[in-house]
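Generate coordinates for the entire structure from the input sequences, incorporating the hints supplied.
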Amino acid sequence: MTTKIIEPTLFEKSRPGLTGASLPPSDVPPAETSDIPEKLLRKGNIGLPELAEVQVMRHYVRLSNLNHHVEKGFYPLGSCTMKYNPKANEDAAGLPGFTHTHPVMAEETSYGTIELMAQLGEMLCEISGHNHYTLQPAAGAHGELTGLLMIRAYHEKNGNPRKNIIIPDSSHGTNPASIVFAGYEPVEIKSTERGTIDLAALEAALSEDTAALMVTNPNTLGLFEKDIVKVCEMAHAVGAQMYMDGANLNAMMGYVRPADLGFDVAHFNLHKTFSTPHGGGGPGSGPLSVADHLEPFLPRPVVRRDENGEPIFDFDRPDSIGKMQGFYGNFLVMVKAWLYLRMLGTDGVKEVTEWAILNANYLLSRLVGHYNLQYKDTPLHEFVIDSTNLKQFGIRNVDVAKRLLDHGFHAPTMSFPLIVPEALMTEPTETESKASLDSFADAMIEIAREARENPEILHSAPTQTPIGRLDEGKAARLKILRWPIPDEI
Amino acid sequence: MVPKDLIFTKEHEWVQIEGDIATVGITHYAQGELGDIVFIELPETGEDVAQGESIGTIEAVKAVTDLFAPLSGEIVEINDALDGTPEIINQDPYGDGWMVRIKIADKSETENLLTAEQYKELIGE
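Quick note, the sequences are listed as chains C and X, same order. Residue 1 is where the first sequence starts when you use our numbering, and the numbers rise one by one after that. Residue 1 is where the second sequence starts when you use our numbering, and the numbers rise one by one after that.
FYI, nobody ran anything at the bench for these hints, they're computed from the structure. Bear in mind the structure is a predicted one, so any value in this text is a computation, not a measurement. By construction, the Cβ of each residue, glycine as well, lies at the ideal position given by its N, Cα and C atoms. Check each hint, because a few of them may be wrong.
Stated by the list, open to error - From the derived model, a few chain X residues whose C-beta atoms are all more than 12 Å from chain C:
| hint | residue |
| --- | --- |
| 1 | 43 |
| 2 | 48 |
| 3 | 101 |
| 4 | 109 |
Stated by the list, open to error - In silico BS3-like cross-links for lysine-lysine, where the CA-CA straight-line distance does not exceed 27 Å:
| hint | chain 1 | residue 1 | chain 2 | residue 2 |
| --- | --- | --- | --- | --- |
| 5 | C | 376 | C | 350 |
| 6 | C | 391 | X | 120 |
| 7 | X | 107 | C | 190 |
| 8 | C | 190 | C | 226 |
Claimed, not checked - Quick look at which bits of chain X chain C covers, simulated, 3 or more residues with Cβ under 8 Å:
| hint | stretch |
| --- | --- |
| 9 | 34-42 |
| 10 | 60-72 |
Have a look at this one:
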C-alpha cells in the first residue's frame, strides 16, 4: 500500500492575514448608491482563502501530481484524441500581442488577431472542403448546437423547420442532447452487423420531416462509414441536411474532406484534433465549416475578407442565428491550433492521420486474442475491444480500467459506444511511441492474465493511486458542490 | 437469478401479476449491466400507459435507459422509497426495488412477454 496523501483544500489551508500580494489602499471611493436591490448586496466578508503565493503554487503542483494527465502518462481515452499538446502552442498563445488584446478594442488596433482567425478558418476549410466557417463555438457539443440551429434556420427560411434528426445507435451522447436542445426529436437507427449505418433502416426513417442526419465519421467504433456518399444522397433527396460530428477527424484529415462526401456542416474540435488542451486545461473550441447554402445563417459576427483581402468582422447578417458565444470565441485556443497547423503544414497533417491509424492498428494487433473484438473490420484511429471474455471470471470493464491506473495508464473510454457490452474504446493518437504502445499492451495482457488467475487483484484495484476505488454511484447521487460541506451531509 | 414465477420483457423489465395488478421492476441482469443506479424518474399515479411506451428513466453510472411499460393500463402506485435511495434497485431488484404497479387493461398482452425460461435464453444464462 502506498501512503495516502490527500491534499487539503485552499480553504482549509487559509489563515487570517496571509496574503500573496501587498496592495496599496484603494483610492477609489465606494459607490454611494446602487441599482442592486438591498437584499442582494453582500454584507459580510467574501470568504476567499487567505494564503501566501508559495502555498498556492505548491497546492496546485501537488494536485497535478495526484492527477493523471497526458504530460504524465499515456491517456488512450477513445474519441477524445488525447494527443500531446506541444509547448510551442503555449508560447504562441502567451505572446503579449495576443494576451494584451481586448475584445472591445477597435478592429484597426487588433488587425493581427483578426488575421489569425481568418487564416485559421481558411486552413480548417481547406481540411473540410467547405468555403465558410465560424470559430465561435466553445466546445464540440456547442458546435453541434450551432450547426443544428443553422440547419433549423435554413429550413425555416424555406418555410418548414421539419421535426426530427436521425442518428445512428453508435452516436456520441451529445448528439441526441444537441438535437433536443435545438427543438428536434432524435430518431435512432440501428447499425449493421458490421457496425456501420444500415441503409434499409435509414430509408425507413427518412421522410420530409427529417431536418438532418448527424454522423460521426469514422464512427465511434473507429470504422469508416463506407456508404457515406450514398447516405448523403439519400438524405439530400428528401431535403435533409448532413451534419458531420468531427470528433474523429484525426482519422481522416488531409485525406478525406467532409464536403466531398456530401456533408453540409462539419465541426472541428480544436482541443482534440488540433492539439489544444482539454477540459480544465482548455477551454475547448468547436469551430464549424459549412456549405454555401448555409452561409447566411452563420453566427454573427462572421470573420471574412473584404474586397482587398483584408480580414474584417461582418456584423451585417440579417439571417444569422445570432451570437453563440461572448465576442468571437476562445481566441487564445485558436492561436494554439493555428500554430499547430502551421508547424505541421499540408504534409504534416497527412502524416498525423497516417500515424494515428498505424498506432491504433498496431495496438489492436497486440490485444486481439486477449480481449474480445465484436466488430472485426479494420478500424482507423481507434478501436473498441471489450472484456466480455473475462466476465466468466467475474471481471467487468471497470475492473480492467481501474487496474490500468496501477500500471500508470489512464483507462480507455468505458462502456461506450452502447452497442458494445463491456466496451473499452481505445485511441492511442499519433503522438505515442512504439515503446509506449508496447508497455500499454503488456499491461493489458498482464491484466487479462490476472483476471483468469487472481481476479481479486482486479476487484480491489487501484491500490497504487492516491485514492482507491471510488463509490461512483454515491458520488453521482450525493453531489457536494460547495465548501464548506453543508452540515446536513 | 431469474425467478420462475415472473414474466419478462425483452427490455429487461420483470412483471408479477396478482389479480389485475402488475408489479413492475427491472431484472437483476439489467441492474448489473447498468451498474450503480443514481437517479430514477417514474410516471405519476393515475397516468394511462400503453404497452411498450417509455414511462420513466433510469440513470446509472454506465448508461441512462428508459423504463418501458410491459403492459397497457393505469399507473396505480409508484415506489416512493426509490426517490432518494435508487440504490435499492441494485440491492434488491425483484423485491424492494419494484418501481410501479399497473392496473392491467388487457391481460391478453401478457402473450407478448417472455417466460422465465425465454428470458434466461435472452440473457444467455
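Structure-based check of each hint:
Once the 12 Å rule is applied to beta carbons, residue 43 (chain X) is consistent with being away from chain C; the minimum gap is 20 Å. For residue 48 (chain X), the requirement that its beta carbon stay farther than 12 Å from each beta carbon of chain C is met, with the minimum near 22 Å. The Cβ of residue 101 (chain X) lies farther than 12 Å from every Cβ of chain C, with a closest approach of about 25 Å, so its non-interface assignment holds. Every CB of chain C lies more than 12 Å from the CB of residue 109 (chain X), the least distance being 25 Å, so the non-interface label holds.
Distance check on the hinted pair: residue 376 (chain C) and residue 350 (chain C) sit about 25 Å apart at the alpha-carbon level, within 27 Å; holds. The suggested pairing of residue 391 (chain C) with residue 120 (chain X) holds, with an alpha-carbon distance near 17 Å, which does not exceed 27 Å. Using a Cα cut-off of 27 Å, the hinted pair residue 107 (chain X) and residue 190 (chain C) is violated, with the two alpha carbons roughly 31 Å apart. With a C-alpha separation of about 16 Å, the suggested pairing of residue 190 (chain C) with residue 226 (chain C) holds against the 27 Å cut-off.
As drawn, the stretch 34-42 of chain X meets chain C at 5 residues by the rule of a beta-carbon pair under 8 Å; at three or more, the given contact holds. Counting residues of the stretch 60-72 of chain X whose C-beta sits closer than 8 Å to any C-beta of chain C gives 4, which meets the bar of three, so the coverage hint holds.
Checked against the numbered hints given earlier, the structure breaks only hint 7 and satisfies all the rest.
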